[in-house]
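According to our numbering, the sequence shown is numbered sequentially starting from 8.
One or more hints might be untrue.
[To be verified] For lysine-lysine, the following DSS-like pairs were computed, each having C-alpha atoms within a straight-line distance of at most 30 Å:
| id | residue 1 | residue 2 |
| --- | --- | --- |
| 1 | 79 | 242 |
| 2 | 78 | 189 |
| 3 | 189 | 252 |
| 4 | 140 | 242 |
| 5 | 140 | 189 |
| 6 | 242 | 78 |
| 7 | 252 | 142 |
| 8 | 142 | 242 |
| 9 | 209 | 113 |
| 10 | 242 | 49 |
| 11 | 250 | 140 |
| 12 | 189 | 79 |
| 13 | 250 | 138 |
| 14 | 113 | 49 |
| 15 | 142 | 250 |
| 16 | 250 | 189 |
| 17 | 140 | 209 |
| 18 | 189 | 138 |
| 19 | 189 | 142 |
| 20 | 242 | 209 |
| 21 | 242 | 138 |
| 22 | 189 | 242 |
| 23 | 209 | 49 |
| 24 | 252 | 242 |
| 25 | 138 | 49 |
[Claimed, not checked] DEER-style ranges, computed between Cβ atoms:
| id | residue 1 | residue 2 | range |
| --- | --- | --- | --- |
| 26 | 64 | 135 | 30 to 36 Å |
| 27 | 9 | 153 | 47 to 53 Å |
| 28 | 92 | 112 | 25 to 31 Å |
| 29 | 9 | 152 | 48 to 54 Å |
| 30 | 111 | 161 | 16 to 22 Å |
| 31 | 224 | 142 | 35 to 41 Å |
| 32 | 75 | 146 | 22 to 28 Å |
| 33 | 272 | 78 | 46 to 52 Å |
| 34 | 144 | 219 | 51 to 57 Å |
| 35 | 153 | 223 | 25 to 31 Å |
| 36 | 88 | 269 | 44 to 50 Å |
| 37 | 106 | 247 | 20 to 26 Å |
Hints in this document: simulated from the structure, not taken from any laboratory.
For every residue, glycine included, the Cβ atom is placed at its ideal position computed from N, Cα and C.
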Amino acid sequence: MDILTAIIMGIVEGLTEFAPVSSTGHLILAGHLLDFTGESAKTFEIIIQLGSILAVIFVFWRRILSILGLKKYQDSESVGTLSIFHIAVGIIPFGVGGVLFYDLIKNVLFSPATVVITLIIGGLLMLAAEKLKPKASAETLDQVTYRQALTVGFFQCFALVPGFSRSGATLSGGLLAGMSHKTASEFTFIMAVPIMFAASAKDLFESWNQLGAQDIPVFAAGFVTAFIVALIAIKFFLRLINKVKLIPFAIYRFGLAIVFWIFII
8 MDILTAIIMG IVEGLTEFAP VSSTGHLILA GHLLDFTGES AKTFEIIIQL
58 GSILAVIFVF WRRILSILGL KKYQDSESVG TLSIFHIAVG IIPFGVGGVL
108 FYDLIKNVLF SPATVVITLI IGGLLMLAAE KLKPKASAET LDQVTYRQAL
158 TVGFFQCFAL VPGFSRSGAT LSGGLLAGMS HKTASEFTFI MAVPIMFAAS
208 AKDLFESWNQ LGAQDIPVFA AGFVTAFIVA LIAIKFFLRL INKVKLIPFA
258 IYRFGLAIVF WIFII
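Start from the sequences, fold in the hints, and give me the full structure.
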């Protein structure tokens, strides 16, 4: 693996981690086209995912401090009331599902065929969410209820299956629960921090023996690239989502499933 490959993979991770298009699918496809696969590739993907997590923390640091009770958050409309309990309610279903089905997911479901199927199913869910969503009752994060957070948490369980897209699942759940597109997106990003950090830390601990001193420059290049690209992508996505909704992303997923089928399966 060289620096250029690391940068390309970092760009793919940063662009797709928080968009509802399946970062897993894109990384598998990119790794296949770049001939970058195997245990080293899996460890590298964990490292660059941590770069994306850092980008979320950078964008939402004031809100995160407020959630942790370390700083009062206030925008032009209200004082922040979104709490750590909202986040906990949202991640509990995913955490329980991850513990119960971890081996099944890793050993059985993690395959290109699964990704193709879940790309299509996830796209259909996004179309259904746009069609069936009620009028938004939560226009800001501070209007999110525990019931809405729990609903998003249950939808997030779909993302346990590779290729479904955590963002696609939670955005769909948020819309159906009565959140606006922007609120569902922000809740998705913030809720991603503890989930992705915990999952990445577990996988990194198990893959630690794959790392060597020679990997540091390459892994650092991927990490920094993922951080910078994710930082730009998050801000762009938050401005875009209220305008374009989920339908273009659903159509994109169908096209990606076809490309995946041609090049991978």
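Structure-based check of all given hints:
Using a Cα cut-off of 30 Å, the hinted pair residue 79 and residue 242 holds, with the two alpha carbons roughly 22 Å apart. Taking the CA atoms of residue 78 and residue 189, the gap is about 23 Å. The hint holds against a cut of 30 Å. Taken as a hint, the residue 189 and residue 252 pair is honoured in the structure, with Cα atoms around 10 Å apart against an allowance of 30 Å. Restraint check for residue 140 and residue 242: satisfied, since their Cα atoms lie roughly 24 Å apart, inside the 30 Å limit.
Of the supplied pair hints, the one linking residue 140 and residue 189 holds, its CA atoms being roughly 14 Å apart against a limit of 30 Å. Taken as a hint, the residue 242 and residue 78 pair is honoured in the structure, with Cα atoms around 22 Å apart against an allowance of 30 Å. For the suggested pair residue 252 and residue 142, the alpha carbons sit about 14 Å apart, so the restraint of at most 30 Å is met. Distance hint between residue 142 and residue 242 is fulfilled; the C-alpha atoms sit about 25 Å from each other, no more than 30 Å.
With a C-alpha separation of about 13 Å, the suggested pair residue 209 and residue 113 falls inside the 30 Å cut-off, and the hint holds. Simply put, residue 242 and residue 49 have alpha-carbon atoms about 27 Å apart, close enough for the 30 Å limit, and the pair holds. Pair hint residue 250 plus residue 140 holds up; C-alpha atoms about 16 Å apart against a cutoff of 30 Å. Proximity of residue 189 to residue 79 is assessed by CA-CA distance (about 21 Å); at most 30 Å being required, the pair is judged to hold.
The suggested pairing of residue 250 with residue 138 holds, with an alpha-carbon distance near 16 Å, which does not exceed 30 Å. A threshold of 30 Å between alpha carbons decides the hint, and for residue 113 with residue 49 the separation of about 12 Å falls inside it, so the pair holds. Of the pairs offered as hints, the one joining residue 142 and residue 250 holds, with about 16 Å between alpha carbons and a cut-off of 30 Å not exceeded. For the suggested pair residue 250 and residue 189, the alpha carbons sit about 10 Å apart, so the restraint of at most 30 Å is met.
For a cut-off of 30 Å, the pair hint linking residue 140 to residue 209 is broken: about 36 Å separates their Cα positions. For the given pair, residue 189 sits about 17 Å from residue 138 by alpha-carbon distance, which is consistent with the 30 Å threshold. Proposed proximity of residue 189 and residue 142 is supported: the alpha carbons are some 14 Å apart, at most 30 Å. For the suggested pair residue 242 and residue 209, the alpha carbons sit about 28 Å apart, so the restraint of at most 30 Å is met.
Of the pairs offered as hints, the one joining residue 242 and residue 138 holds, with about 26 Å between alpha carbons and a cut-off of 30 Å not exceeded. Of the pairs offered as hints, the one joining residue 189 and residue 242 holds, with about 11 Å between alpha carbons and a cut-off of 30 Å not exceeded. As the CA atoms of residue 209 and residue 49 are separated by approximately 13 Å, the hinted pair is consistent with the 30 Å bound. The suggested pairing of residue 252 with residue 242 holds, with an alpha-carbon distance near 15 Å, which does not exceed 30 Å.
A C-alpha spacing of about 37 Å is found between residue 138 and residue 49, which places the hinted pair above 30 Å, so the restraint is violated. Restraint check, residue 64 to residue 135: a C-beta distance of roughly 32 Å satisfies the suggested window 30 to 36 Å. With their beta carbons about 48 Å apart, residue 9 and residue 153 fall inside the hinted range of 47 to 53 Å. At about 27 Å, the beta-carbon gap between residue 92 and residue 112 stays in the expected band of 25 to 31 Å.
Checked against the hint of 48 to 54 Å, the C-beta distance between residue 9 and residue 152 comes to roughly 49 Å, which is consistent with it. Range check, residue 111 to residue 161: about 18 Å between beta-carbon atoms, so the 16 to 22 Å window is met. Checked against the given bound of 35 to 41 Å, the beta carbons of residue 224 and residue 142, roughly 52 Å apart, lie outside it. One distance hint, 22 to 28 Å for the beta-carbon pair residue 75 and residue 146, holds here, with the actual separation near 24 Å.
Between residue 272 and residue 78, the C-beta spacing of about 49 Å keeps the proposed range 46 to 52 Å intact. Taking 51 to 57 Å as the suggested C-beta distance range, the pair residue 144 and residue 219 conforms, at roughly 52 Å. Roughly 43 Å separates the CB atoms of residue 153 and residue 223, a value that falls outside the hinted 25 to 31 Å. A beta carbon spacing of about 48 Å between residue 88 and residue 269 agrees with the range 44 to 50 Å that was offered as a hint.
Taking 20 to 26 Å as the suggested C-beta distance range, the pair residue 106 and residue 247 does not conform, at roughly 35 Å.
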